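Visitor: The residues making up each chain are set out below.
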Amino acid sequence: MATRGYLNLVLHAHLPYVFEADERDHLEERWFYEALTESYLPLLNSLYRLAGERVPFCLTLSVSPTLLAMLANPVMAGRFDDYLDRLIQLAGSECHRTRHDEHFNRLAHFYLERFRSLQFAYRVKYRRDLPGALARLHEKGHLELITTCATHGYLPLMKTREAVRMQLATGIKAFTSRLGFTPRGIWLPECGYFPGLDEVLSETGLRYSFVDAHGLRNAFPAPQNDVYAPVRTETGVAFFARDPETSAQVWSVESGYPGDSDYREYYRDIGFDLDETYLQRYLPYDVRVNTGIKYYRVTGKGNHKELYSPERALRRAREHAANFHFNRTKQLEHLAAIQRQPPVVTAMYDAELFGHWWFEGPDFIEEVFRLTAEHAGSFALTVPSRYLDEHGPAETVSLYHSSWGEGGYSRVWLNPANDWLYSRYHQAESSLVAYDAARRKNGSEKRICKLAATELLLAQSSDWAFMIYTGTTAEFARQRALRHLENFSCLEEMLEKGEVDLEFLNNLENRVAGLFPDMDERFAPGPAFELPRSFTTPFVLMLSWEYPPQVMGGLSRHVDDLSQALTKAGQPVSVLTSLGEGSSPFEMNGLVSVYRVAPYQQAGQEIDFYKWVIQLNLVLYNLAQKIVPANHYTVIHAHDWLVAPAALALCKTYQLPLVATIHATEFGRNNGLHTPLQHLIHSHEQQLVQEADRIICCSQFMAREVRRLFDTQPGKISVIENGVRPDKVSAPELTGPDRRRYAGDDEELLFFVGRLVKEKGVEVLLAALAQVFAVRQKVRAVIAGKGPLLHELEEQAGRYGIRERIMFTGFLTDEERNRLLATADLVIFPSLYEPFGIVALEAMAAGAPVIVSDVGGMSEVVEHGADGWKVPPGNPAALSVAILMLLDDRKLRLQLGNSARYKVIDAYSWDELAVKTLLLYQDVWQQAKKISYF
Amino acid sequence: MPGHKRLVSALQLMVQTPGDLFVYWEVSREFLKIARIGLRDSSAQMVLLLYREESGQTEQAALVPLDQDLFYGSHYFSRQKPWKTYYAELSLSYKGAFFTLLRSNRVLTPPVELGSGEEKPSVPVQWQDVTPKLPFAYSPEEERGDT
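Residue numbers (this note's numbering), protein chains in the order written: chain A, 18 to 951; chain B, 268 to 414.
Bear in mind the hints are in silico, worked out from the structure with no lab data behind them.
It is possible that part of the hints are untrue.
What the hints assert, rightly or not - With a Cα cut of at most 30 Å, we get these calculated BS3-like pairs of lysine-lysine: (1) B:Lys300 <-> A:Lys514; (2) A:Lys669 <-> B:Lys351; (3) A:Lys887 <-> A:Lys775; (4) A:Lys514 <-> A:Lys669; (5) A:Lys933 <-> A:Lys585; (6) A:Lys733 <-> A:Lys803; (7) B:Lys362 <-> A:Lys946; (8) B:Lys362 <-> A:Lys733; (9) A:Lys946 <-> A:Lys933; (10) A:Lys795 <-> A:Lys733; (11) B:Lys348 <-> A:Lys643; (12) A:Lys933 <-> A:Lys908; (13) B:Lys300 <-> B:Lys348; (14) A:Lys908 <-> A:Lys669; (15) A:Lys463 <-> A:Lys643.
Every value quoted in this text rests on a predicted model; they were computed, and no experiment measured them.
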């Protein structure tokens with residue numbers, strides 16, 4: 018039969034988890050028993066009555082996981098039995114008390130019969146299994162049962178995707194475990210939606226959900242059918258929107274049905290009207306509570322109330338149902354005429370409205386269904402999945418932030434009364450992501466993680482923020498939220514300290530037993546580094562301002578090579594460094610876990626370099642705080658002053674020993690301290706050297722310099738040279754057109770590579786080349802590298818008249834550099850200050866004949882005349898003589914190159930240096946912890 | 268008052284309504300010490316900034332000077348624009364410039380009564396990156412065999 022459209026009635030049933038295992042007559046548990054007595058059982062009775070009479074009907078019912086858990090809780094079932102017994106006794110007593118007043122007595126008997134009938138239904142008809150009763154209606158097609166988030170957490174105000182996913186996934190899992198089937202749709206708590214939520218809904222396999230009317234009306238592009246057809250987002254999840262008309266007819270305080278004068282007055286309960294002494298015989302509380310026995314009707318807006326008449330109220334409910342049915346008929350008639358897609362009116366309500374707040378509500382719904390069946394040609398009832406199967410969503414839109422709360426957004430859950438909750442929620446979210454249970458091999462730790470997740474879920478219940486805002490039971494809500502957050506903190510502390518309080522765990526588990534059956538322990542499945550083998554020793558955390566692919570100088574390569582060698586030797590390493598172009602925030606580099614983060618502002622544009630370094634330290638420190646607690650680090654290793662502030666702060670925060678490598682000093686680079694910035698950097702170096710537990714220097718030269726400059730204790734400094742990986746520098750020499758890019762076939766080639774800064778002595782090299790080129794025609798030079806002196810050096814070359822014979826290449830890739838090292842006739846390092854000279858070592862590893870300044874670390878590495886040639890620093894004349902002499906002696910050059918290569922392979926292998934470093938870590942660790950570790 | 272022992276400094280921006288945003292921040296002592304020691308300018312004042320991204324440009328939407336270094340605090344920004352992307356910064360203001368201590372997440376305020384021709388914000392709101400975990404991290408309990 019063709020239909021003019023559909024009515025999609027959606028009820029959402031939810032209560033916060035109020036079960037208290039150890040407290041038999043807990044006051045807030047009454048909310049559950051009241052809702053059962055006044056809403057859920059009467060609604061269920063109405064639906065079963067219709068089903069029994071074979072009246073066709075269907076509606077959607079969302080039941081929250083916390084409510085499902087309480088419905089299935091055997092202890093609460095027993096307590097509800099007692100609750101009903103007491104109500105029946107009270108009603109019986111009322112029958113006796115009012116025996117002389119015909120009107121009140123009639124009502125007392127009405128309640129007595131009602132409670133007895135509800136008790137019979139609960140015990141006999143449904144066998145105390147309401148989830149089962151609902152599932153049977155679902156199987157028969159009368160109900161589309163769905164659920165909501167685990168504890169009804171308000172999703173738009175959560176910080177992490179993981180927290181959102183945890184609420185959704187735990188809720189779905191709990192529902193599925195209890196009812197035996199997976200829900201097709203979900204009720205978003207408070208209809209709270211935000212951009213990106215649909216992706217998570219899609220991931221969890223959900224087909225549809227709901228938003229408030231303005232949530233759809235403000236979609237982009239604007240929906241063609243207003244709120245009268247579902248839409249989908251790019252992820253394919255469909256959304257139905259609340260119809261404002263049906264909403265106002267029921268929810269409106271001024272004009273809604275429940276405010277009718279014939280309906281039962283909620284606020285005139287004998288629990289508040291009668292003598293406390295009389296009531297205390299039946300109610301085990303110290304305070305007055307609602308009993309559900311109410312004798313008055315709404316009557317009017319004032320305080321005067323007339324006696325309630327159930328028959329009159331029922332007639333009224335039926336009239337309102339007829340009115341509702343008539344309005345839907347006309348509404349859908351109109352919509353069917355103006356829109357192509359069959360219209361669907363989605364009427365969304367809290368289930369508790371029907372019966373608890375609006376006593377006659379279940380009768381109203383029952384009558385609406387009867388009328389719909391009777392007037393089948395007017396419109397049809399539907400449920401979301403049926404509508405989607407038959408008609409599909411109308412169009413694809415983007416949805417934005419909305420809710421069905423007061424104001425339409427998040428004001429109810431985020432305002433000065435309750436905004437303090439969120440920093441605590443978010444901290445717990447971040448912690449939980451770190452303490453993922455799935456990673457834990459230890460049974461106790463898994464147990465703690467799952468409990469912590471449960472406590473966070475319970476803390477996140479939107480009910481607490483709501484109650485605090487409205488002021489109803491605000492203190493209870495505040496205490497609940499705080500209690501769960503405190504429990505979470507205690508559990509977190511247990512994880513960190515490894516001290517398990519079994520009694521505490523047992524108590525918590527007792528409280529939440531059965532709440533989330535089969536809880537998925539992968540509730541925080543964020544990205545994890547995959548390591549191909551298991552390390553059995555704790556991690557070393559290395560801080561370095563640069564790391565490949567960010568390469569400014571030798572430090573980057575040093576950290577890369579050292580960390581690789583350490584992991585090869587069985588010592589796991591994490592590197593924290595800066596994020597630049599071409600790099601990713603997290604990656605595995607072999608077995609080294611690399612974390613990168615970028616300062617907020619750009620050096621040179623928004624802030625100067627020094628402030629950029631400080632900002633880098635801030636973000637490194639913050640990043641480290643996310644990973645240190647979740648993994649086991651035992652030593653922090655800082656490289657140079659550039660990461661000193663973060664390293665020192667981390668050591669203090671986590672009480673970890675600090676090893677610092679001093680690659681160079683500001684004093685040495687500048688041959689003194691001449692500017693305020695240089696003094697500032699020097700002070701950072703001083704603090705690092707003084708506060709570190711051990712210092713590593715790459716050469717005896719550097720060790721002496723550090724001792725002299727910073728007055729370091731003897732024995733604090735260890736010399737561990739830089740190493741080199743010959744495989745990283747070997748390459749075939751350039752030939753043919755490749756070589757001719759740099760020099761003619763009959764021309765000799767000289768090569769420098771390094772940063773173009775004062776201390777590398779490139780000015781000295783240019784002066785020497787001027788002398789060389791004056792006497793030797795067929796020779797050219799390549800100067801590779803970048804730095805602040807590039808332009809100045811080019812001008813100097815021009816002044817010498819040798820610009821044409823020098824190529825300034827700028828930055829070279831490793832491959833280009835290696836090929837030049839293999840090709841050059843001489844590789845020259847005219848440094849004025851050189852702590853070690855890693856680039857020179859690399860040239861030697863490549864088998865290149867090198868000329869080096871007799872300075873710093875290079876002087877220690879090169880044996881003059883055996884594996885290289887040394888010249889006095891800053892002496893162009895001596896350098897030019899050496900160049901010319903070696904260019905004339907090919908045999909000597911070959912001999913130097915070969916000897917250099919063998920020396921480096923033998924004495925500067927990273928495997929050996931890694932072992933030395935490991936021994937140093939062990940020593941530092943033993944000193945710090947006074948235990949034998951390895 | 269944050270109760271966590273080891274605080275990860277954070278600045279979090281949240282949407283209250285299309286025209287109202289809420290921000291809270293928490294800064295640990297060690298974190299602020301790094302910044303203060305590094306800057307060495309005791310006159311640098313802590314400020315809260317709100318930025319709005321519109322038509323590919325970023326403009327300052329609000330500036331709130333804070334009287335002193337506040338390790339934690341919150342603020343409501345009112346009268347902001349719907350359907351725009353925002354982020355906040357907690358900074359130190361010195362000599363007319365700002366040094367950023369923390370930058371918040373980006374949020375998109377919801378639209379209100381979209382008219383025709385409205386330009387959809389092109390910048391998506393992003394989830395915060397989750398730092399990966401190391402799956403085989405050593406645990407003392409494992410070493411002792413307490414599994």
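Visitor: Which of the numbered hints above does this structure break?
Guide: Of the numbered hints given earlier, those the structure breaks are 2, 6, 7, 8, 10, 11, 12, 13, 14, listed in rising order.
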